[in-house]
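Quick note, the sequence shown lines up with residues 347 to 869 if you use the numbering used here.
In short, the hints are calculated from the structure, not lab data.
Note that the structure is a prediction, hence the values are computed from the model and not measured.
We put the beta carbon where it would ideally sit given N, CA and C, even for glycine.
In silico lysine-lysine, DSSO-like type, Cα no more than 30 Å apart, as pairs:
hint	residue 1	residue 2
1	Lys865	Lys821
2	Lys865	Lys844
3	Lys854	Lys865
4	Lys830	Lys804
5	Lys607	Lys617
6	Lys854	Lys844
7	Lys627	Lys665
8	Lys841	Lys854
9	Lys416	Lys442
10	Lys557	Lys607
11	Lys390	Lys405
12	Lys739	Lys804
13	Lys665	Lys607
14	Lys865	Lys767
15	Lys821	Lys841
16	Lys442	Lys390
17	Lys830	Lys767
18	Lys442	Lys405
19	Lys821	Lys767
Using C-beta positions, here's what the derived DEER-type ranges look like:
hint	residue 1	residue 2	range
20	Ala833	Ala787	14 to 24 Å
21	Ala615	Gln791	37 to 47 Å
22	Glu768	Ala826	20 to 30 Å
23	Asp749	Glu840	25 to 35 Å
24	Gly744	Ala414	52 to 62 Å
25	Ala615	Glu555	20 to 30 Å
26	Glu768	Arg866	22 to 32 Å
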Amino acid sequence: MQIKGKAWLSLALVALVGIGCGKSKTAGESMPAVDRYFSEASQKADSGDLAGALALLDKGITQVSDPADKGRLFGLELNLLLTRNQLADAQARYLKAAATPADVSLAVQATGLIEGYLAQQPEGHSNVLAWCDRLDQAGLPEALQAPVLQNRLSALWALGQFDQALALIETRGWAMPDAVAGGLFSRFIQSSLAAGQFDQAAQALAFLEEKGDKRAGLAALAAEGRIDLAVARGDFAGAGDLLFERGSLFDDGASAGFLDKIARGAMAAGKADVSDAVVEKALSAFANRPGTRSRALRWWLVRARDAGDLGMGLDRLEKLDALGVPPSQLAGGVNILSQLVLPSNTPPAAAARMMDFAGRLKTRVTEEGDVSLLAGIQLDAGFRLEDYAGLVKVLEAGVPGHDAAWHQTMINKVKAHLDLKEGRIDEAVAKFRLFMASIAAQEDQGHRDPITDERVTKDMILGYNASRIGDIYDKAGRAADAAKAYAEAKADYEKALKGFAAGDPEIKTINEILSGLGKRAGG
Numbered sequence: 347m348q349i350k351g352k353a354w355l356s357l358a359l360v361a362l363v364g365i366g367c368g369k370s371k372t373a374g375e376s377m378p379a380v381d382r383y384f385s386e387a388s389q390k391a392d393s394g395d396l397a398g399a400l401a402l403l404d405k406g407i408t409q410v411s412d413p414a415d416k417g418r419l420f421g422l423e424l425n426l427l428l429t430r431n432q433l434a435d436a437q438a439r440y441l442k443a444a445a446t447p448a449d450v451s452l453a454v455q456a457t458g459l460i461e462g463y464l465a466q467q468p469e470g471h472s473n474v475l476a477w478c479d480r481l482d483q484a485g486l487p488e489a490l491q492a493p494v495l496q497n498r499l500s501a502l503w504a505l506g507q508f509d510q511a512l513a514l515i516e517t518r519g520w521a522m523p524d525a526v527a528g529g530l531f532s533r534f535i536q537s538s539l540a541a542g543q544f545d546q547a548a549q550a551l552a553f554l555e556e557k558g559d560k561r562a563g564l565a566a567l568a569a570e571g572r573i574d575l576a577v578a579r580g581d582f583a584g585a586g587d588l589l590f591e592r593g594s595l596f597d598d599g600a601s602a603g604f605l606d607k608i609a610r611g612a613m614a615a616g617k618a619d620v621s622d623a624v625v626e627k628a629l630s631a632f633a634n635r636p637g638t639r640s641r642a643l644r645w646w647l648v649r650a651r652d653a654g655d656l657g658m659g660l661d662r663l664e665k666l667d668a669l670g671v672p673p674s675q676l677a678g679g680v681n682i683l684s685q686l687v688l689p690s691n692t693p694p695a696a697a698a699r700m701m702d703f704a705g706r707l708k709t710r711v712t713e714e715g716d717v718s719l720l721a722g723i724q725l726d727a728g729f730r731l732e733d734y735a736g737l738v739k740v741l742e743a744g745v746p747g748h749d750a751a752w753h754q755t756m757i758n759k760v761k762a763h764l765d766l767k768e769g770r771i772d773e774a775v776a777k778f779r780l781f782m783a784s785i786a787a788q789e790d791q792g793h794r795d796p797i798t799d800e801r802v803t804k805d806m807i808l809g810y811n812a813s814r815i816g817d818i819y820d821k822a823g824r825a826a827d828a829a830k831a832y833a834e835a836k837a838d839y840e841k842a843l844k845g846f847a848a849g850d851p852e853i854k855t856i857n858e859i860l861s862g863l864g865k866r867a868g869g
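Construct all of the structure, not just a fragment, from the sequences and the given hints.
This is how it looks when you write it as structure tokens:
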């Protein structure tokens with residue numbers, strides 16, 4: 347039997363679902379009967395006529411036909427009494443409903459209201475246990491046995507009485523259907539783990555493993571619990587071994603979730619090598635599970651990203667490609683590593699490998715978004731490497747999502763860099779000017795600097811390029827041209843300052859640039 351995550355039935359009923367949420371009505375319809383009873387009874391109670399409100403609700407329960415509506419009205423009766431601290435009356439009404447075959451469904455729907463009230467009182471959880479004793483002594487119908495047992499267990503857990511809770515589950519809970527018994531064991535195990543009661547969780551798991559071999563759902567629950575216990579104890583390698591050994595009990599969604607839990611826990615505990623080993627094995631062990639394999643791919647590449655090692659990431663991308671990972675998933679992997687391309691501490695050889703990998707992968711993907719992503723990575727890597735001839739080829743091949751004007755703007759910029767690199771100063775400046783003209787004509791949408799995350803406005807872009815032209819002229823010994831360009835850059839940056847508020851980090855950045863411009867211009 348395969349399970350999807352934690353799919354066991356939960357019986358923690360601490361409040362009646364639906365109270366105060368009447369059925370919706372469309373325009374032209376009159377208020378449904380249940381809503382009328384609900385509204386009128388609430389008004390009577392608010393005005394001090396509690397007896398009248400209860401009588402009206404009793405009438406409503408006999409008049410409405412939908413069992414859920416009957417349950418809402420009965421729940422309101424109990425709430426009206428409990429909010430006025432008339433606990434005995436509320437309990438009497440509940441016991442009467444539980445003892446009347448025709449009204450058992452009312453008691454089922456209202457289970458948890460009295461327990462919730464008691465839990466808020468002094469010695470609340472002990473009072474819940476006493477109330478559960480009363481219910482058991484009254485002789486519960488089958489429909490109420492599981493909910494009342496669950497509420498008793500919740501009180502025991504709150505009191506830290508795990509031994510008693512487990513004994514109840516092993517005796518009374520074990521006799522219930524798989525879904526109910528599984529829910530009880532699952533909540534016990536998770537409550538024990540949350541409380542650091544690892545030995546208690548282990549005892550419950552041992553019982554399941556000994557007794558549950560003929561109940562497939564409970565065998566799967568035991569396997570799930572073992573993984574959770576290993577993770578809670580910090581044994582991430584052991585949790586991975588359990589996942590691989592018992593993986594056939596889980597579907598793709600469940601195994602992906604467990605892999606996430608193991609990798610995240612190991613990384614948070616400083617055991618990145620353990621995470622690496624588990625997720626690398628999962629790439630092959632779960633090759634037929636796309637969801638699990640996708641999670642493994644992500645964690646494997648996140649390790650390289652967090653280590654700031656683009657070379658490691660590319661080694662892993664190449665191996666993933668050799669394992670037959672689909673091109674679209676490889677593109678997603680490239681995206682995970684994208685932030686490592688531009689930083690100055692990334693080795694040029696790694697940036698060149700990324701440019702090559704993205705280019706080869708771009709010919710194999712079919713989604714426009716993937717093509718655009720990979721082209722963007724090529725552009726970043728090309729600028730990092732000053733491979734302007736290669737960048738022109740990327741741009742001339744086209745980047746999806748950008749119009750002809752954008753392409754021409756970028757080509758002008760790249761060709762300007764190429765001219766400059768090859769010593770054609772005037773040609774380079776002319777192309778930088780074309781690039782600046784196209785920027786000046788655009789609406790100022792701004793963007794975030796990929797390194798600092800500070801906002802970059804149109805005026806800042808224009809100032810930067812004017813300053814670059816000044817540097818070009820200065821290096822060429824053309825002081826007058828350089829001074830003119832620096833003055834232009836200064837004016838652009840001063841204009842950019844007006845677009846930020848005091849305290850914005852961009853203010854400091856711009857002022858530092860202006861200070862440098864003054865020194866270069868001899869001011």
